[in-house]
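Residue numbers (full-length UniProt numbering), protein chains in the order written: chain A, 1 to 250; chain B, 1 to 115.
Since the hints were derived computationally from the structure, they do not count as laboratory data. Glycine residues also receive a C-beta, built at the ideal position from the N, C-alpha and C atoms. Please note that a few of the clues may not be correct.
Here chain A is said to cover these stretches of chain B; the calculated rule only asks that three of the stretch's residues, wherever they fall, bring their Cβ under 8 Å from a Cβ of chain A [claimed, not checked]:
| # | region |
| --- | --- |
| 1 | 42 to 56 |
| 2 | 80 to 87 |
A short list of chain A residues far from chain B (calculated; beta carbon distances all over 12 Å) [said to hold, decoys possible]:
| # | residue |
| --- | --- |
| 3 | Asp47 |
| 4 | Pro95 |
| 5 | Val177 |
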Amino acid sequence: MARAAVHRRLTWQPATVAQVNDETATARTLLLEVPGWPGHVAGQHVDVRLTAEDGYSTQRSYSIASAPEVDRLELTVQRVPDGEVSPYLCDIARPGDQVEVRGPVGGYFTWQPESVEPVLLVAGGSGIAPLMSMVRGRAGANSRVPFRLVYSSRTPEDVIYARELSRRVRDDRGLDVAFAYTRSAPPGWPRPPGRLDAPLLTEVGWPADFAPAVFVCGPTGFVESTANLLVSQGHEAQRIKTERFGPTGG
Amino acid sequence: MTERQTGSAMSDISEDPIDGEGWVDGNEAAGILQEIFTMDITSARGRCAGCGLVGPMAELRVYDRAPGLVARCPGCENVLFTVIRAPDRVFLSVGGMTYLEMALPEVAAPGFTGA
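The following block holds chain A by itself, in its conformation from the complex:
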């Protein structure tokens, strides 16, 4: 449920780490409690600021992974070697720790539960996070809009939310999930490991004629290549919304 919409200047708010959960060897989900947090629109971000005892502060923008909720949100953070923020969030942060957040921000890469067109979600690696917020938000809003998620991952061990996704495929009517493995696939997997390509997108995506809303999130190269594939399959460029990670992440 949402609080009444309020026009306000965006400022930093204190947040408390309430829970941490390892998702894979390199990714972790943090539940943040933020008193007064107004909820978000699936796909939106939050900026996270850390301040050291000597006053040095640094910030990064993270997609919100949870379904929209007031007073709390979840981030899934992939550890980036040499990053300034992610090693703290992935390795050091403990329940009770304080950080600052600013948000929610962004209105471009968002999915509203009122929308009715079919949706294609394409995730590369931890680019799954904002798309997971859409999948969870769809269920939370009892939307019956057909969703197809294509999730490209290096190996089965790198898949984030694997158990929840298999549960949702069973329980969330109208949700399909397809995995594409680039380095190693499970035994007996019908397709050899390889990059997400046009035949696979054709097989598991929506035909361009259905005019789906498309959301692609992942590393820059993944997003560019996937968006180009989709355009060459006839999807209108304006229906393809993209979000790229940074080169150095954080």
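Given the coordinates of chain A, work out where chain B should sit on it, guided by the hints.
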């Protein structure tokens, strides 16, 4: 922005977070821009003064690992705007854009949810 070239190198596809060429996209600048404009700017559409490309701010190339933030056109690399944040003020230069088109919501609301 809205124009995409097809047929770029397939070898680019990877889930490795460490790739790209030193930039992120305009979604990353949502926070600092929303702080200034008090509304979302990532879905606003701008026109590049260099090549005339029109598209959403979310698709810009943003270089943010520096004291300021530099946003370039994905079509021609022209600098569209720069933001330099000081503790008590902000310097915004928008010399590289000929216009910026923003939808005006009935209620500007950073935290609106339809749930």
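Hints and how they fare:
Residues of the region 42 to 56 of chain B with a Cβ under 8 Å from some Cβ of chain A number 3, which satisfies the need for three, so the listed coverage holds. Look at the region 80 to 87 of chain B against chain A: 0 of its residues bring a Cβ nearer than 8 Å to a Cβ of that chain, fewer than three, so the hint is violated. Once the 12 Å rule is applied to beta carbons, Asp47 of chain A is inconsistent with being away from chain B; the minimum gap is 4 Å. The claim that Pro95 of chain A is not at the interface with chain B holds, since no C-beta of that chain comes within 12 Å of its own (minimum 25 Å).
For Val177 of chain A, the shortest C-beta to C-beta distance to chain B comes to about 16 Å, beyond the 12 Å cut-off, and the non-interface label holds.
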